[in-house]
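*Asks:* Sequences are here, hints too, so could you generate the full structure?
1325 is the number of the first residue of the sequence shown in my numbering; add one for each residue after it.
None of these hints come from the bench; they were simulated from the model. Note that this is a predicted model, so its numbers are computed, not measured. Virtual Cβ for every residue (Gly too), placed ideally from N, Cα, C.
The following label-pair restraints were derived from C-beta to C-beta distances: (1) D1652 with R1836: 53 to 63 Å; (2) G1801 with N1417: 37 to 47 Å; (3) G1655 with R1836: 50 to 60 Å.
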Amino acid sequence: MMRLLDRFVLRGAGFEFDDARLPGTGAGSLAARLAALDVEADCFAALLVAELAGLEPDRAARRPVKRAVRRREPLPTSTPYGPLWSDLTTAWNALAEQRSALRARYADAVDAEIAAADAHLRSWCARPGVAEALWSSHPGPADLLRRYAQHAVSGGQPRRLALRYLQRFATKNETASFFGPFQFGDVTAVAGARALLVFDPESPRLSERVTAPARFVVDELADLAAAELGGDPTVPMRPHPLARLHDGVLRIGDRRIALPAALAGALADGPVRLAALPEAVRPAAGRLVNAGILRADLRPPTTSLRPLAELAGRLTGRPGAAGERWRDRVGQVRDGIAALQTEPWPARRDTIAKLGETVKSWGVRVDDRPTGLYADRSVVYDECRGGLRGLALNADAFAAHIPAVEVVLRVHAAHAAAVRARTRLWLAAEWTRLGLPDRVNLADLLAALGEQPVPVLEPGPAGRALWDRLAALAPAGTTEVRLTADAVYRAFAGVLPDEPFLCSPDFLVRRRPGMADGLVLGEVHHGSQVWCWLAATLDQHERDAIRQRLTGWADLLRGDARLATLVEPRFTGKTFTIELPGLAIERMGRSALPAHLVRALHEVTADRTTMRLSDAQGPLVLAPSSPVDPIVSAFGGLVLWGPRSPGAAAHQPRVLVDDLVWWRESWRLSAEDLDALVTARTPAEALYVVARLRADLGLPRYAYVRVSGEPKPVFADLTSAAYCDMLSRLVAKHAPGVGAPLADVTETLPEPVELALSCAERRYTSELRTTVLVGGG
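*Replies:* This is the structure:
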């Protein structure tokens, strides 16, 4: 049985797909023709060399002919070798002449296409919305591309950089720094509608902007304020994150500090205020403060949806000049954020820069941030809510896909079960090697494991055997395989787990005129991705409705235990999931739940023999909060995440289950496949190499290419000189010192003509992020 949460999130690209289609001059077609002609010339050359060896015994005499053949040059027609050789050389010379003329046309076409791509990209970079998105992502590249748009710089490097950002903004459904809008929609039956994705096409795609401070700004402001206000007896204080309280003893490192019972009890209940402690225990608390073990804590909870407002609330009533100064500073940030909601570009850029300089002057480490194409460094982040009226996922139309969706998610759950089993074996081996007792509190277990390398969460032989079953159904060499849901159930009989699981699959809708909408399965994510930072934009009653539904689901997930979410620090500005209903276990993070629902690590016991957790009230099971944490995998339910491809086959056919595209057609290119692309030095060479690959492997025109060493795939038009030039440099970048460069090429599906999100005659890529519960009766 599969249940679908009645809210979903529509994520769309920030710019229309046609922006990513560069103007062409036919260079791609010419490259394909030239590649085909060269294949013919290769065969003809081998024939000529073999024929010549039988006609001319003198190797020295053969040498100039072979050199001309190797260079694809014309041959003399007057020779003593007879009429057959004369006919062969005449045909060869015609081929060489045709090739020479085609190469000249090809070179001109590539030059014209690159010039047209430069003009297109310069025009695109000059658009105010693009300039803002570039600057929000990274001011350094934005400045280079601003000068590129103004013709102040030229060449391949700025063109390739512009294209990297263009494909990111126009073909990726990212909710990152205002690059793409998001919108909550309802899963509901829509009377009279056949479409899966329903909305009023006359409504605006975009609605209001949501601007908020980056989380690192809020946290560092809180820490700076706490450092100044540490002497205020009304400030909330917590033990050092590495300290553990158990049976009245506070442990940090090798130190053991016996505490008065009243102080131990107060610390166990959550943050303490010195002024609220009994007079008799204040000296003991003061000594902890002086030792740096008890510290002022003003940081909002890790999963707070309103961190700046919560920080302002925690500063309310703080006495003295320091309290007034920090309330004023937080007020300045709040006022600046409010002004940015409506401020136009480029004045907005100057205001953000000024805000960054202001908080930097207070001690916030603005410059100590990640870099790169996918790193957002701004002190604020922007989102844009979608403005589509009547946005809905048509439950009646989706019902036809439920059998296929359920069975493929169950197969992914079998993959997750194999990952969990392998992770438990690793953990048990480490547990024994470290000499830990069979039952140990979670803090001690994590401390002992802390020095060990975290394993890559892979399924091992069991996972490979699982996907071998798919390979039997969809062998390499076929282009498309159609299966029924029942056939998949039969093929995977005996390995599909019975336990319920929660996951968040992404779906892409294929809008096919005259036919029912089709579905493409995107990535499968862990937990409830709908229950995340995006919920901050919902009204409280809407959040309450989602929480109520998830509460019922949590009861089904937990089995005979209680569900607990492991709360860890946030390393990004906004991307995080909220705690599921149940308990929270704080692991360097701060829970937003009431204190009686929060457990410290040392209050939780881990059992090696059962691989289960428990607290004083009974067994616990971890919620699927992280796909890469071995503790969550080992002590939790099934954590679904990927895989992006079912193994490492050289070719994976497109696999449909009923009308659901489970796997898109994909190819894995080896180092040998990519050798020529690595050494390509010009756009013409790169396009030619890709044309040869397309002819040899059957690659599509539009594809997503994931190069080994790159964090994310890139979109590419494989008939475009500019895109192929970008790919060649990307592959070459990772070739030296990294081992064999590999690239996974996946067909673009939905195809451009199938995009379901169309507003005002403009087409946008989009995906539906849903949350489903499978199993549980």
